[in-house]
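Residue numbers (UniProt numbering), protein chains in the order written: chain A, 1 to 491; chain B, 1 to 491; chain C, 1 to 491; chain D, 1 to 491.
Hints should not be assumed to be uniformly reliable.
[Unchecked claim] Here are the simulated DSS-like pairs of lysine-lysine, each with C-alpha atoms no more than 30 Å apart in a straight line:
#1 B:K137 - B:K155
#2 C:K239 - B:K24
#3 C:K13 - C:K24
#4 A:K268 - D:K404
#5 A:K180 - D:K81
#6 A:K58 - B:K482
#7 A:K404 - D:K180
#8 D:K234 - D:K482
#9 B:K482 - B:K114
#10 A:K81 - A:K114
#11 C:K482 - D:K81
#12 B:K150 - B:K239
#13 B:K234 - B:K13
#14 D:K482 - D:K81
#15 C:K58 - C:K137
#16 D:K239 - A:K234
#17 D:K58 - A:K404
#18 C:K114 - B:K268
#19 A:K482 - A:K234
#20 D:K58 - D:K114
#21 D:K234 - A:K24
#22 A:K180 - A:K114
#23 C:K236 - B:K150
#24 D:K482 - C:K482
#25 A:K138 - A:K114
#26 A:K150 - D:K114
#27 A:K482 - B:K65
#28 D:K155 - B:K155
#29 B:K239 - C:K58
#30 B:K404 - C:K24
#31 D:K114 - D:K13
#32 C:K58 - A:K155
#33 C:K81 - C:K155
Rather than coming from a laboratory, the hints here were simulated on the basis of the structure. Predicted model only: the values in this text are computed from it and were never measured.
What follows is each chain in one-letter form.
Protein chains: 4
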Amino acid sequence: MRTSEEYTSDLEKMEENVWVGGEKTSRTNELFQPGINVINLTFEMAQEPEYEDIFTAKSHLREEKINRFTHIPQTQEDLMKKQKMIRLGAQRAGGCIQRCMGLDAIIALSFVTKDIDDEYDTEYYDRFTDYLEEYQKKDLAAACAQTDVKGDRSKRPHEQEDPDLYLRVVEENGDGIVVKGAKHEITMAAYADEIIVIPTRAMAEGDEDYAVSFAVPGDHENVRHIARPARYRKRKGEKAPIAEKGVAESVIIFDRTFIPRERVFMCKEREFARMLALGFANSHRHSYTGCKPAVSDILAGASALAAECNNIERASHVREKISEIIGNAELSYAAGIASAVEGTETPSGTYFPNPIYANVGRRLMGEEIYNEYSNLTEIAGGQMVTLPYEEDFINEETGEDLRKYMRRNPNISSEDQHKAFRFLEDIGASSMATWYQIAGVHGGGSPIMETITLMAEYDTEAKKNLAKYLAGINENLEQDTKFGADVTVSR
Amino acid sequence: MRTSEEYTSDLEKMEENVWVGGEKTSRTNELFQPGINVINLTFEMAQEPEYEDIFTAKSHLREEKINRFTHIPQTQEDLMKKQKMIRLGAQRAGGCIQRCMGLDAIIALSFVTKDIDDEYDTEYYDRFTDYLEEYQKKDLAAACAQTDVKGDRSKRPHEQEDPDLYLRVVEENGDGIVVKGAKHEITMAAYADEIIVIPTRAMAEGDEDYAVSFAVPGDHENVRHIARPARYRKRKGEKAPIAEKGVAESVIIFDRTFIPRERVFMCKEREFARMLALGFANSHRHSYTGCKPAVSDILAGASALAAECNNIERASHVREKISEIIGNAELSYAAGIASAVEGTETPSGTYFPNPIYANVGRRLMGEEIYNEYSNLTEIAGGQMVTLPYEEDFINEETGEDLRKYMRRNPNISSEDQHKAFRFLEDIGASSMATWYQIAGVHGGGSPIMETITLMAEYDTEAKKNLAKYLAGINENLEQDTKFGADVTVSR
Amino acid sequence: MRTSEEYTSDLEKMEENVWVGGEKTSRTNELFQPGINVINLTFEMAQEPEYEDIFTAKSHLREEKINRFTHIPQTQEDLMKKQKMIRLGAQRAGGCIQRCMGLDAIIALSFVTKDIDDEYDTEYYDRFTDYLEEYQKKDLAAACAQTDVKGDRSKRPHEQEDPDLYLRVVEENGDGIVVKGAKHEITMAAYADEIIVIPTRAMAEGDEDYAVSFAVPGDHENVRHIARPARYRKRKGEKAPIAEKGVAESVIIFDRTFIPRERVFMCKEREFARMLALGFANSHRHSYTGCKPAVSDILAGASALAAECNNIERASHVREKISEIIGNAELSYAAGIASAVEGTETPSGTYFPNPIYANVGRRLMGEEIYNEYSNLTEIAGGQMVTLPYEEDFINEETGEDLRKYMRRNPNISSEDQHKAFRFLEDIGASSMATWYQIAGVHGGGSPIMETITLMAEYDTEAKKNLAKYLAGINENLEQDTKFGADVTVSR
Amino acid sequence: MRTSEEYTSDLEKMEENVWVGGEKTSRTNELFQPGINVINLTFEMAQEPEYEDIFTAKSHLREEKINRFTHIPQTQEDLMKKQKMIRLGAQRAGGCIQRCMGLDAIIALSFVTKDIDDEYDTEYYDRFTDYLEEYQKKDLAAACAQTDVKGDRSKRPHEQEDPDLYLRVVEENGDGIVVKGAKHEITMAAYADEIIVIPTRAMAEGDEDYAVSFAVPGDHENVRHIARPARYRKRKGEKAPIAEKGVAESVIIFDRTFIPRERVFMCKEREFARMLALGFANSHRHSYTGCKPAVSDILAGASALAAECNNIERASHVREKISEIIGNAELSYAAGIASAVEGTETPSGTYFPNPIYANVGRRLMGEEIYNEYSNLTEIAGGQMVTLPYEEDFINEETGEDLRKYMRRNPNISSEDQHKAFRFLEDIGASSMATWYQIAGVHGGGSPIMETITLMAEYDTEAKKNLAKYLAGINENLEQDTKFGADVTVSR
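Same shape as in the complex, but just chain A (with noise of 0.2 Å):
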């Protein structure tokens, strides 16, 4: 297994093909360490005693341990322990632990792929296969690339007025494709060691040339990425974990760039892509039930704190507002674990979390972030963004007053009052808190979305005959058993 030292060392020796604030710059530009950071977490805690069983697996092709982040789920506890993993990440991570976009995307693959094969005799699995051994064997780090920037919503891929909305098939032959187009709100892009590459959606008639997954390298040619990372403010005075997180997002540009026909693993099989797309979401969806969970455990952790500075801890408005906070957390959680374990076996062997409980799990947390937000306003008050700057903290006159009249609780002192509150605003007041807002309710799919997929699986069918049966209409009612637990991800 790689370390954070090592994955920085490799990041060193990409080519430079990202751009930021207007310029070429390299992987380790200081924007992107607070990312980096993030990343750094998850070779770290690969190598901590005490996580050893939830951060490593044993590799199903190579008997050999590996870091559970380039992991396939063979069991139920795999995507437990992949849950479980995500959430104590995150929670370290004080946000998004960003891996498991990679992860999410070699799952849907190994199981896809698989899938086409059996269908018209391709040869993607073992393509793909020989790449997840490449990719667990060095502890690489992807992100997955699978949103296309869609011109105009209301029209398909091939529809549109610029082919190129959709990355799409230029050319083909013996070696390998060429591809045109654009993904963009890649997260983790700028200090990925891989792109992976999956549709967006399903392709109708006519859309076969957007059917086309493929891996490459970050600093592949003719590619290009156009970075925009966010964090936390940076301190000056007082240092804290979260100061030092962050991530970016990239639009990735490919301009002409050839794949090499090992790193294609779907090509045009059109009536795939709804199952690579949803295999990707659906699997990405039973991740959110641990990190959003990790998410409202720090809003819910920073509204606890709030009100111990302001001594109402004993309220019953607040104790109400926080156990709102962690009701969330815990059925999503939930949600999770019955994910995992009414999940189903694919024929490649992958174990896959069951879709329904995955979207409502995923859904509840769309839906309530900003009120997690309110929350956590309701209690901490306005001094979330009324906070004096810290070089008045710092400055002997202006600090000597601010210490005086910010004291609360008389149990806190001056200095973590000042502490507790410079993160308040970091959670809630910052422009990286509207990331999280905003991540809460799109990331993995918005809440429309899942409704979506949660009415294209559910058997609604079965319960309207369970009213009919009721209502004397028919005679007899067939019971569904299993209330969804056999559903899986359908083409």
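Following the hints, complete the assembly by docking chains B, C and D onto the known chain A.
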């Protein structure tokens, strides 16, 4: 295992100690038939081969097949099957399956009696085990009489002006004890074989006489029931399973009632009252993650049926509203699964569901039940309350008018439209509908009780420590890697 | 002005053309008495000196004092008094005051007939004014028959398989017209003097025959009512005003009914159908900003009464829940005031409420009604559905038990506790409660209808232009300084 | 009336007593320019002919035209124009117009000083009137310094360990008083001409020294500001009005500050502290029924703009989400109108808004603000947080990529798309967005404060009496025919 016929025949043999509508009456009064019809399902489904695995179990006492409604869970799987049995039974019953009341009472007693014995060298566990053996052998159905009338809510039991406002021990001798007081809102008591009494709350110093638990036959000497039956409207024309179902609650008066020693399971061990009260409540909240999803299944099915009648099934806001009900059902059911998966084995061997998940799952349903009726109403429209009486459909002249003008979706016959809207009237616009609304909030504990239980058991401090670590206040973070999985019921 | 006795005597004189429970019956059948009791209040309160200013007005036609339920608003103040009258009447009625149905119908006709005449040189306005003069002089109570049975909701009137599924003109001659079809869900029709018919929606090309409006006496030839009465439970012991109130809806069959010319107010002018439909709907939604707050007043009062009975009035979550109900009531009432203040004078002189505010005020109540019941339930507890029958309080033996054990707040007598909980059962746990829930959503238009009306009339483009100005896309900003104050009903 | 140029020139003349970022600085530091730009609008709009009626008024003191931001409302109409002025100003400012802080302070003082004089024969009213005359003549802009730092929230002012944690009188003599303490979270103080100090709460026995009110110039001796500016991101490329706006809050230290007698408006009359605190708060909550709708106008406009960019304007869930924002805005604005209509004249002649409606209107917005952001996010999508930096649009190479790939609705130019999404980033995904979220909850009092005020003033007993009448507990009903219309602020 008993049959439903044997159950009725047993009810017929009981002494008349039930009052309703100002008169003393037998247990087979037709006012109770709708409730008896529900209990009958628990006997009948246990005889159906396709439900054998779910509705029956092997007793841990006698290695015999028993009705699962009398079985003490010994494993995770038992807990999941209990939850599934309740959902399936409640679907068939068109709502509350009732018999889990007694089941959750024996579950709570099965481990709390052991804990008391371990502390005080009493013999409650053996007494209870004898009772349980009889309970399983005779396939008994018990009401759990927990809720005291409670008088002034701002005072503890021993502080009430009238000391009888909580049930209490007034005499004690070698043969047994004498109790006085009343329990109210006791579901199914009027047609239960047995009444199992447990405390309603934690008992403080001074409340010793109120810490009492025992079981008596429903027609025990010096016990009186004042019953309040509720049912769907009786049909005059079209038959429908829903219209045959109902329930009854009782005020049960214990008028200096003698309880023989072998039926006494707690007597004045006040510091175990909380454990027994919560042992029942939390087990019962786990049951609710089975039955409340069934209520939502029916509401979702009724909504879908109404949408079909109105020919608006494809409308996006209709699908959205139905998917909200479904989401609630599956989130709560998922919480029940997680509660089973993260359950714990007690010293007695009883496998107990995780209370965090049971409480968040139950709470969700209490918070959402009125919203679900609101969704049904939005889809079904006003006709639920404006549908002419059945007689006007039967009357030749007006019947013809109504058949002509009540037709909506042209693919559905007038007769089925009528059945559907008659059913919708029952489900959404009857006094029985309000029973489900109110039981949805209060049955098994209202949202505020679940919040209190949750906040008592949940490790909020761990979340605050996470915040302090991220804020730089605490240097190290000791992460809770179990997320409350080892929580159980404490005294 | 009529007295309630005269009203009853007028009802007695009417032809029997009402069916209920399979039989033809008179209008003074005791099934209708609860509804009649409500209408009586509108006559009685107009005679009470302290309500004179609110419940009576000076007619703009005859300079005489008339019952305000027959008055066409001529000023802002008239609109505010109408709203206040409805809230006061509805408080006294324990809910829906019913008679505003006819009032809003004559208001809509008072200006739409003028607009049709202005366009087509017809003589509807004069006809209607003659009718109005009679209406005011005789102090009539009319039902407004708007809602057609509508058949397949996905088709327009003229597209239905059966052309009678919307009411239509089937013949037309110098003396009048002949109509066929049915209206349903028509509140108070069974005990109304008059039926005023208006279209249910905008009419498109091809729908001309369906654009029809007229008024007939309730017992007009070839008109049949199939009534569906609803009431609170009849009391066997304690009397209570709430228990004397109720309502009835009718399906009204027009079986080739002849309408004399002088009673026809629209005939095939299809492009004015929307204006008449919405003219009624928006005026009625303004009425709802009076009656829905009254329903909330009752729910808030019931909640406060329950809190007093339970001795939990000071608990902060109880106060919070009550204040939510109060907030809804006052926000909706405020919207009604604003709707009056920002109303407009139509060419006919009728002062018409601003539809933006009327719609947002009405919508709020539709969205919140179930939440208000949920709040009541949280405070009142389960006893609303478990209270033993009245007879068991009357029975000597059980009555004594119940008086002893039902006591809660020691400052409230057992008798008042019983009255309070009997009332709470009526308000929160009866089929009449569901009537209020469903009417709260759908009466006068459901939230989705108000959203549609709102978005049709609201100047969303002005908001978008504001955004474009702030974004630097548009250089200049022309601000709307009226905020929709000049919106009225358009065709 | 002053011009914005004169205002700036006045700021330049002030003593430097403001600290920011660790340094003492002038009021025209560019960090304050965004806030000054907002205040400028209040001078500029008063000069624009089309706003004359709204932004100016005739002084009741001097019969001269004055800026309405210095005018004491004398009529209902004044209150409505004040509300409208604030909505229009806030629309133009892209949010908080700030200057109503001072306005609401002088409104509260205008009648409370009279009330104190009436009780104690003091001379505050005349002093204040002299001050007001100057305030109107010089067209001053004042900050209202109400919020004390408050220390331990569980203790009253005189119970704090450090007696300075609420501002207090430490000396008093014929010439004036000396005060010590700090106010914090004081909006616009850094660029206000004046600071008006009022108490933050009701004062109990023992708190006399803390009942103090006065006005001083912003640069008064022994006054120090520690300012915390906030602004939208500075633009590097495209200009936009939104990007020029901002705000600053201050901690204001009163370091044994002498206040001359003629500027003291309350000194130790502790039983009037509540009236002054609430007089300001309720007037300010009425102001919020102007500005909060403007914030919602902007969010609705931004959502509509995003929908246009994404070409999804017709989607029904998009329209639903926008209509929710609009509904909130208009309900709150309606509450403000009702508050004006049902206002009362105080003994001083000041016309005061009805507090019931002001509080329900303000509370709604505090409860809904995060939901409105959630709606914006659902419509606008993730690009608010993933949009590359401006420099990458300016850079030739990446700019070309971005223009090609960021295009959505084909009817909108790339340039306008970029402007729109840059604006959406500012509105929805910036630290300034969190300022609006938090100010939306807490500015002018959080929902819990409005609930407390509401429940203190509302006649809940009248609702309970209504319930008792309907229940048959009370025989007669005395109806409140004003529905709280005569409520005003009490001590």
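Evaluated hints:
1. Proximity of K137 (chain B) to K155 (chain B) is assessed by CA-CA distance (about 42 Å); at most 30 Å being required, the pair is judged violated.
2. Of the supplied pair hints, the one linking K239 (chain C) and K24 (chain B) holds, its CA atoms being roughly 25 Å apart against a limit of 30 Å.
3. As the CA atoms of K13 (chain C) and K24 (chain C) are separated by approximately 15 Å, the hinted pair is consistent with the 30 Å bound.
4. Using a Cα cut-off of 30 Å, the hinted pair K268 (chain A) and K404 (chain D) holds, with the two alpha carbons roughly 24 Å apart.
5. Proposed proximity of K180 (chain A) and K81 (chain D) is contradicted: the alpha carbons are some 58 Å apart, above 30 Å.
6. Restraint check for K58 (chain A) and K482 (chain B): the C-alpha separation of about 22 Å stays at or below 30 Å, so the hint holds.
7. Between K404 (chain A) and K180 (chain D) the alpha-carbon distance is near 13 Å, which keeps this suggested pair within the 30 Å criterion.
8. Only pairs whose Cα atoms come within 30 Å are accepted, and K234 (chain D) paired with K482 (chain D) is rejected, the gap being roughly 51 Å.
9. Between K482 (chain B) and K114 (chain B), the direct Cα distance comes to roughly 27 Å. Compliance with the 30 Å bound is thereby established for this hinted pair.
10. With a CA separation close to 24 Å, the supplied pair K81 (chain A) and K114 (chain A) stays within the 30 Å bound.
11. Proposed proximity of K482 (chain C) and K81 (chain D) is supported: the alpha carbons are some 11 Å apart, at most 30 Å.
12. Proximity of K150 (chain B) to K239 (chain B) is assessed by CA-CA distance (about 41 Å); at most 30 Å being required, the pair is judged violated.
13. Straight-line distance between C-alpha atoms of K234 (chain B) and K13 (chain B) comes to about 27 Å, which keeps the hinted pair within the 30 Å bound.
14. As the CA atoms of K482 (chain D) and K81 (chain D) are separated by approximately 24 Å, the hinted pair is consistent with the 30 Å bound.
15. Taking the CA atoms of K58 (chain C) and K137 (chain C), the gap is near 12 Å; set against the 30 Å cutoff, the hint holds.
16. Taking the CA atoms of K239 (chain D) and K234 (chain A), the gap is near 27 Å; set against the 30 Å cutoff, the hint holds.
17. A C-alpha spacing of about 45 Å is found between K58 (chain D) and K404 (chain A), which places the hinted pair above 30 Å, so the restraint is violated.
18. A hinted pair counts as satisfied when its Cα atoms are at most 30 Å apart, and K114 (chain C) with K268 (chain B) does not qualify at roughly 82 Å.
19. Restraint check: the Cα-Cα separation between K482 (chain A) and K234 (chain A) comes to about 51 Å, which exceeds 30 Å; the hinted pair is violated.
20. Between K58 (chain D) and K114 (chain D) the alpha-carbon distance is near 21 Å, which keeps this suggested pair within the 30 Å criterion.
21. Note on K234 (chain D) and K24 (chain A): the hinted pairing holds, with a Cα-Cα distance of about 23 Å set against a maximum of 30 Å.
22. This hinted pair checks out: K180 (chain A) and K114 (chain A) have alpha carbons roughly 26 Å apart, not beyond 30 Å.
23. Pair hint K236 (chain C) plus K150 (chain B) holds up; C-alpha atoms about 27 Å apart against a cutoff of 30 Å.
24. This hinted pair checks out: K482 (chain D) and K482 (chain C) have alpha carbons roughly 28 Å apart, not beyond 30 Å.
25. Of the supplied pair hints, the one linking K138 (chain A) and K114 (chain A) holds, its CA atoms being roughly 23 Å apart against a limit of 30 Å.
26. For the suggested pair K150 (chain A) and K114 (chain D), the alpha carbons sit about 66 Å apart, so the restraint of at most 30 Å is broken.
27. Taken as a hint, the K482 (chain A) and K65 (chain B) pair is honoured in the structure, with Cα atoms around 23 Å apart against an allowance of 30 Å.
28. At most 30 Å may separate the alpha-carbon atoms for a hinted pair to count; K155 (chain D) and K155 (chain B) meet this at roughly 28 Å.
29. Of the supplied pair hints, the one linking K239 (chain B) and K58 (chain C) is violated, its CA atoms being roughly 56 Å apart against a limit of 30 Å.
30. Our distance criterion of 30 Å between C-alpha atoms is met by K404 (chain B) and K24 (chain C), whose separation comes to about 19 Å.
31. Only pairs whose Cα atoms come within 30 Å are accepted, and K114 (chain D) paired with K13 (chain D) is rejected, the gap being roughly 34 Å.
32. Between K58 (chain C) and K155 (chain A) the alpha-carbon distance is near 61 Å, which puts this suggested pair outside the 30 Å criterion.
33. Distance check on the hinted pair: K81 (chain C) and K155 (chain C) sit about 40 Å apart at the alpha-carbon level, beyond 30 Å; violated.
Comparing the model with each earlier hint shows violations of hints 1, 5, 8, 12, 17, 18, 19, 26, 29, 31, 32, 33; every other hint is respected.
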